[in-house]
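Trainee: These are the residues of each chain, in order.
There are 2 protein chains.
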Amino acid sequence: MIFSSSLLENAVNEIAKLPGIGKKTALRLVLHLLKQEVPQVATLSDALIKMRTNIKFCSRCHNVADDTLCKICSNHSRRKNQLCVVESVRDVMAIEATQQFNGTYHVLGGIISPLDGIGPDKLNIASLLSRIVADEVVELIMALSPTIEGDTTTYYIAKKLSHLPLKITALSRGVAFGGELEYADELTLSRSFTNRLPIESLVNNSD
Amino acid sequence: MIFSSSLLENAVNEIAKLPGIGKKTALRLVLHLLKQEVPQVATLSDALIKMRTNIKFCSRCHNVADDTLCKICSNHSRRKNQLCVVESVRDVMAIEATQQFNGTYHVLGGIISPLDGIGPDKLNIASLLSRIVADEVVELIMALSPTIEGDTTTYYIAKKLSHLPLKITALSRGVAFGGELEYADELTLSRSFTNRLPIESLVNNSD
Numbered sequence: 071m072i073f074s075s076s077l078l079e080n081a082v083n084e085i086a087k088l089p090g091i092g093k094k095t096a097l098r099l100v101l102h103l104l105k106q107e108v109p110q111v112a113t114l115s116d117a118l119i120k121m122r123t124n125i126k127f128c129s130r131c132h133n134v135a136d137d138t139l140c141k142i143c144s145n146h147s148r149r150k151n152q153l154c155v156v157e158s159v160r161d162v163m164a165i166e167a168t169q170q171f172n173g174t175y176h177v178l179g180g181i182i183s184p185l186d187g188i189g190p191d192k193l194n195i196a197s198l199l200s201r202i203v204a205d206e207v208v209e210l211i212m213a214l215s216p217t218i219e220g221d222t223t224t225y226y227i228a229k230k231l232s233h234l235p236l237k238i239t240a241l242s243r244g245v246a247f248g249g250e251l252e253y254a255d256e257l258t259l260s261r262s263f264t265n266r267l268p269i270e271s272l273v274n275n276s277d
Numbered sequence: 071m072i073f074s075s076s077l078l079e080n081a082v083n084e085i086a087k088l089p090g091i092g093k094k095t096a097l098r099l100v101l102h103l104l105k106q107e108v109p110q111v112a113t114l115s116d117a118l119i120k121m122r123t124n125i126k127f128c129s130r131c132h133n134v135a136d137d138t139l140c141k142i143c144s145n146h147s148r149r150k151n152q153l154c155v156v157e158s159v160r161d162v163m164a165i166e167a168t169q170q171f172n173g174t175y176h177v178l179g180g181i182i183s184p185l186d187g188i189g190p191d192k193l194n195i196a197s198l199l200s201r202i203v204a205d206e207v208v209e210l211i212m213a214l215s216p217t218i219e220g221d222t223t224t225y226y227i228a229k230k231l232s233h234l235p236l237k238i239t240a241l242s243r244g245v246a247f248g249g250e251l252e253y254a255d256e257l258t259l260s261r262s263f264t265n266r267l268p269i270e271s272l273v274n275n276s277d
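Protein sequence lines correspond, in order, to chains A and B.
Counted from 1, the first sequence has number 172 at position 102 by my numbering; the numbering is strictly sequential.
Counted from 1, the second sequence has number 108 at position 38 by my numbering; the numbering is strictly sequential.
I should point out that these hints are in silico values taken from the structure, not numbers from a laboratory.
Some clues are possibly wrong.
The list cannot tell twin chains apart, which means a pair is met if one copy fits it or any two copies do.
With a cut-off of at most 25 Å between alpha-carbon atoms, the simulated DSS-like pairs for lysine-lysine come out as follows [what the hints assert, rightly or not]:
no.: 1; residue 1: Lys126; residue 2: Lys105
no.: 2; residue 1: Lys150; residue 2: Lys230
no.: 3; residue 1: Lys126; residue 2: Lys141
no.: 4; residue 1: Lys93; residue 2: Lys126
no.: 5; residue 1: Lys126; residue 2: Lys192
no.: 6; residue 1: Lys93; residue 2: Lys105
no.: 7; residue 1: Lys230; residue 2: Lys192
no.: 8; residue 1: Lys105; residue 2: Lys120
no.: 9; residue 1: Lys141; residue 2: Lys93
no.: 10; residue 1: Lys141; residue 2: Lys120
no.: 11; residue 1: Lys237; residue 2: Lys150
no.: 12; residue 1: Lys120; residue 2: Lys87
no.: 13; residue 1: Lys105; residue 2: Lys87
no.: 14; residue 1: Lys192; residue 2: Lys105
no.: 15; residue 1: Lys229; residue 2: Lys126
no.: 16; residue 1: Lys150; residue 2: Lys229
Remember, it's a predicted structure, so these values are computed and weren't measured experimentally.
Working from the sequences, and respecting the hints, build out all of it.
Mentor: Printed below as a string of structure tokens:
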């Protein structure tokens with residue numbers, strides 16, 4: 071790509087560093103910004119750097135927050151004794167969007183993945199254990215990705231907690247709602263068959 | 071989308087204003103930035119606002135520039151008497167990428183489009199006419215989009231210049247190189263048939 075302005079080139083190169091954004095898309099975005107008024111571009115530019123420099127992580131659940139505690143942890147109507155363990159901030163948002171959960175979260179900040187050099191010590195597991203004792207948690211919902219790494223992490227945490235009188239559950243797995251059976255992969259379908267549920271659960275779920 | 075931090079929400083909303091970027095993509099990009107070090111995010115943020123506030127438009131060809139003249143106009147080895155008229159900065163970059171043109175450009179800043187309220191007076195046509203006289207231009211290459219609006223603009227400019235001893239050409243049209251004939255649209259194929267070229271031109275083009 072040949073640029074007639076180094077300012078333009080610089081902006082395109084910076085935008086193109088973002089994941090999934092190539093040079094052509096970056097150029098399209100920068101030329102769009104060039105057409106906007108200065109205050110609009112300043113708002114975008116400020117929002118990014120302010121987000122990065124001022125954002126905090128909740129001291130209790132490690133979710134992103136504006137203060138010491140995130141909006142969920144500081145909400146007194148959310149149950150402190152029911153914890154949902156997730157990998158990342160994005161998973162918190164995905165579960166919040168379902169509006170099915172009124173407990174609190176614990177963001178691990180990753181999952182155990184020896185190949186990537188991520189061991190249990192790099193995750194927020196110590197703070198999870200102390201929270202479970204301090205808040206007298208009665209149920210721990212393990213909501214990690216249904217992958218080998220996710221399951222390994224779930225088993226690891228469950229084993230660490232085996233001495234505590236605590237109910238540990240995991241998200242149910244099976245064919246996706248609205249999906250066509252013939253397109254479900256074999257493993258999912260076979261597990262879904264083995265773990266088949268009483269018909270009443272379908273009625274409850276469609277409420 | 072439910073955010074646990076207003077800083078995060080703000081950044082996502084600003085990114086999602088960019089064309090072709092939805093909320094989900096914006097969240098993915100912002101969470102990526104959150105993982106980067108502060109200086110890296112500052113570099114991106116600075117590049118955007120500096121680009122918008124400091125960029126200039128070439129006083130001769132209206133291309134983006136760092137100075138009064140763009141890199142192309144200030145390059146003495148480029149022919150000043152051969153002008154390529156394009157709609158936008160992006161078209162300059164597309165033609166520059168072909169490395170086939172050693173003249174200079176003139177960026178109209180749009181094309182005549184009555185439906186969008188864009189008349190000839192909103193385009194950089196007056197400066198084009200004065201450049202043609204001042205630089206004793208011998209050839210004007212009209213490289214506008216092959217659409218009704220593009221053709222209208224080409225005809226309008228050609229008519230304005232009909233009194234001058236000037237060669238006016240336009241980009242050739244036809245089936246795209248490497249494309250399959252059966253997928254070419256009827257109009258393109260029929261025009262391409264009518265404007266068929268001597269076989270020698272194929273040999274020259276494949277040099």
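Trainee: Please go over all the hints and tell whether each is borne out by the structure.
Mentor: Status of each hint after checking the structure:
Taking the shortest alpha-carbon separations for Lys126 and Lys105, only the inter-copy value of 12 Å comes in at or below 25 Å, while the best intra-copy value is 34 Å. Taking the shortest Cα distances, Lys150 and Lys230 sit within 25 Å of each other inside one copy (20 Å), while across copies they are farther apart (76 Å). Taking CA atoms no more than 25 Å apart as the test, Lys126 paired with Lys141 passes inside one copy only; the shortest distance there is 12 Å, against 44 Å between copies. In this assembly of identical chains, Lys93 and Lys126 lie within 25 Å of each other by CA distance solely across copies; the values are 22 Å between and 32 Å within a copy.
For a Cα distance limit of 25 Å, the shortest separation of Lys126 from Lys192 inside one copy, 19 Å, qualifies, whereas the shortest one across copies, 48 Å, does not. In this assembly of identical chains, the alpha carbons of Lys93 and Lys105 lie at most 25 Å apart whether taken from the same copy (18 Å) or from different copies (22 Å). Taking identical chains as interchangeable, the C-alpha atoms of Lys230 and Lys192 lie at most 25 Å apart only when both belong to the same chain, with a minimum of 16 Å there against 71 Å between chains. For a Cα distance limit of 25 Å, the shortest separation of Lys105 from Lys120 qualifies both inside one copy, at 24 Å, and across copies, at 14 Å.
Taking the closest pair of Cα atoms, Lys141 and Lys93 come within 25 Å of each other only across two copies (20 Å); inside a single copy the shortest separation is 37 Å, beyond that limit. In this assembly of identical chains, the alpha carbons of Lys141 and Lys120 lie at most 25 Å apart only when taken from the same copy (19 Å versus 35 Å across copies). In this assembly of identical chains, the alpha carbons of Lys237 and Lys150 lie at most 25 Å apart only when taken from the same copy (15 Å versus 79 Å across copies). In this assembly of identical chains, Lys120 and Lys87 lie within 25 Å of each other by CA distance both inside one copy and across copies; the values are 19 Å within and 18 Å between.
For the identical chains of this complex, Lys105 and Lys87 are neighbours both inside a copy (22 Å) and across copies (13 Å), given an alpha-carbon limit of 25 Å. For the identical chains of this complex, Lys192 and Lys105 are inter-copy neighbours only, at 15 Å across copies versus 44 Å inside a copy, given an alpha-carbon limit of 25 Å. For a Cα distance limit of 25 Å, the shortest separation of Lys229 from Lys126 qualifies neither inside one copy, at 31 Å, nor across copies, at 63 Å. Taking the closest pair of Cα atoms, Lys150 and Lys229 come within 25 Å of each other only inside a single copy of the chain (22 Å); across copies the shortest separation is 77 Å, beyond that limit.
Violated hint for the displayed structure: number 15, the only one.
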